[in-house]
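Starting from the known structure of chain A, fit chain B onto it as the hints suggest.
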Amino acid sequence: MRKILTVDDSTSMRQMVRATLQSAGYGVVEAADGQEALEFARGNAVDLVISDVNMPRMDGITLVHELRSLPAYRLTPLLLLTTESSQEKKLEGKRAGATGWIVKPFNPAQLLSTLNKLFGTA
Amino acid sequence: MSRATSIPFPSLLELASAQLEVALQNSHAHIERLAASVDAFSKLGAELRAHPDPAVAEQGARLLAESLSAMFAMQYHDQLAQRLRHVRDALGDMHDALAAPSPPSPRALLDVIRARYTMEDERKLFDVVLGAVAGPSAEAADGEHAALRGGVEMF
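Protein chains in written order, with our numbering: chain A, 99 to 220; chain B, 6 to 160.
One chain only, chain A, in its complex shape:
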């Protein structure tokens, strides 16, 4: 079973992302902010990360930057899922090493289709 780390400071958003991913058979690990996610990632590998951008303690773009410095996460797909729509932020995410940018509200079917493409299971 592929394991996905989801990061969001909103409990309800984490529940929605988890339900979507579990409905397609993915295993899900959750973190409430970038710092918690990074601490988990330092000791555990996952197949993909989906992270919010604006969070307390550590934002999603910093998390992407930090994850890319970990050998286990050098090639892991890192998706940013956010209400943030500024070009500047999107470029920051791209430069930090994000794989893609999803604007909330996310469409569950489209998210699963994207994962299928990333995992080559489409």
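Take these hints with a grain of salt, some might be off.
As the list claims (entries may be wrong) - Distance condition first, Cα-Cα at most 30 Å in a straight line; then the derived DSSO-like pairs of lysine-lysine:
1. B:Lys48 with A:Lys215
2. A:Lys192 with A:Lys101
3. A:Lys187 with A:Lys101
4. A:Lys101 with A:Lys215
5. A:Lys192 with B:Lys129
6. A:Lys187 with B:Lys129
7. A:Lys215 with A:Lys187
8. A:Lys215 with A:Lys192
9. A:Lys101 with B:Lys48
If you are wondering where the hints come from, they were derived from the structure by calculation, not from laboratory data.
Frame of chain A, contents of chain B only:
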């Protein structure tokens, strides 16, 4: 003292900010409860979808599809909460500016408020209402994201 200066603007701003905070806190627990229920329905739907009886499996698939639709709709609460937080924070900025011994310039205050926004339509509304006051820096080049909402852009 004129009538206008006797109105306690800082306190009114603080009150409006506090009212928004209470509304956000009150709705928070309920939306989490709702999300947990929809999550449970989706799990049940996924289980039933694998049932050997095709009629039960079909009902399971429908339950799962409806749960995912509900989840999509529920994300608008997250957007609403973010928008209210930005309004609450802007009220706090205005309160602080009014209460400061040497208040910031109007332009500096507007820049701080606009920088809090994360959504394209928040910035557009700000620019429509205050663009002439805030000046050219308020123009944002994020129009293409209108079409992206709900979509996925791979780098």
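Results of checking the hints against the structure:
With a C-alpha separation of about 24 Å, the suggested pair lysine 48 (chain B) and lysine 215 (chain A) falls inside the 30 Å cut-off, and the hint holds. The hinted pair formed by lysine 192 (chain A) and lysine 101 (chain A) meets the criterion: a straight-line CA distance of about 23 Å does not exceed 30 Å. A hinted pair counts as satisfied when its Cα atoms are at most 30 Å apart, and lysine 187 (chain A) with lysine 101 (chain A) qualifies at roughly 27 Å. Between lysine 101 (chain A) and lysine 215 (chain A), the direct Cα distance comes to roughly 16 Å. Compliance with the 30 Å bound is thereby established for this hinted pair.
For the hint linking lysine 192 (chain A) to lysine 129 (chain B), the alpha-carbon distance of about 24 Å falls within 30 Å, and the restraint holds. The hinted pair formed by lysine 187 (chain A) and lysine 129 (chain B) meets the criterion: a straight-line CA distance of about 17 Å does not exceed 30 Å. For the proposed pair lysine 215 (chain A) and lysine 187 (chain A), the alpha carbon gap of about 25 Å is at most 30 Å, so the pair holds. Distance check on the hinted pair: lysine 215 (chain A) and lysine 192 (chain A) sit about 19 Å apart at the alpha-carbon level, within 30 Å; holds.
As the CA atoms of lysine 101 (chain A) and lysine 48 (chain B) are separated by approximately 17 Å, the hinted pair is consistent with the 30 Å bound.
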